[in-house]
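Asker: Sequence:
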Amino acid sequence: MRTRSAKPESGHLQSREPTPMPNGTEAIATRSQSLLKARTYDFSGMLSPKKGFDVSRKEILNSLRDCAKMIGSRRITIKQYDAWPHRVLSSHQIAVRFSGWDVALKEAGLEVRATSTGNAVEMVEIFLDCWEDYNDVPTVKNLSNHLKKINSKFSISMYTRYFGGVRRLAIQIVKYNKGEISENQLLDKYFRKGANRGSISAKLRYMVFVRDQFTCVSCGRSVNRDGVRLEIDHKVPVSTGGTSEFSNLQTLCIDCNRGKGDAAP
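Heads up: the sequence shown runs through residues 3 to 267, numbered per the numbering used here.
Note that these hints are calculated values from the structure, not bench results.
Among the clues, some could well be false.
What the hints assert, rightly or not - Across the chosen pairs, the derived CB separations fall in these ranges: (1) Y208 x E134: 38 to 48 Å; (2) Y208 x G111: 47 to 57 Å; (3) Y136 x F248: 17 to 27 Å; (4) K237 x K191: 14 to 24 Å; (5) E109 x S203: 44 to 54 Å; (6) T245 x D56: 23 to 33 Å; (7) E182 x T141: 19 to 29 Å; (8) V219 x N64: 50 to 60 Å; (9) P87 x D190: 24 to 34 Å; (10) S184 x Y208: 37 to 47 Å; (11) E109 x Y208: 23 to 33 Å.
Predicted, not measured: the structure shown is a model, and the values here were computed from it.
Idealized CB from N, CA, C, for every residue including glycine.
Whole structure, please, built from the sequences with the hints as guidance.
Answerer: Structure below.
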């Protein structure tokens, strides 16, 4: 098992030196080059083939707490822990032992990064690890197998919803490595062009209300009878590729809409 060399203690992605390579689409199509050549590793302290089961849970939890103490924060990332020279195992091994990295952090009494940006950083790091493990641009199948191997909380569908798919994320990483886009642009959530809430005109909104008879299609309450506030909702959320077409819109009261969130029916 490899161990990573020390890297900056930061919750952000490490800025890599641009490496000469083809444009994004060509890089993915030819699979001839890998930006992971820029990632350096130290193999001097290779772990035993027991995959960490010779290290007790108590030792692992104490190691996590010690790392957090050294960083000076109750919140540590996978990248920060793997860069720590005194770690007892890799983050992947810990994830296997505890059925999830976040589970281990919680058991150690540490905070879990629950923000979308924090998750995006972790998702990209896992994607890069998969890229190197296979020495090739990750396919849906390879990434799926990698996520299962490390007991990740993320799934292929989450990569699709957040990054717009495995292929798009790979192209974005190539662009980031070449300095064509910023880290924020790499980590930003992907929205399909033309699918935004602002595209719902007053006329379209009224047409939906009329079609649904000014009644919440979920609970049946109406403006006239119950005095509820009605809103226009996307049946398939914009975040998962839903559009603002008439057929994808419905009337919900404010209570039902807030409870629905981004969960598609």
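Asker: Which of the stated hints cannot be reconciled with the structure, identified by number in ascending sequence?
Answerer: 1, 3, 6 and 11
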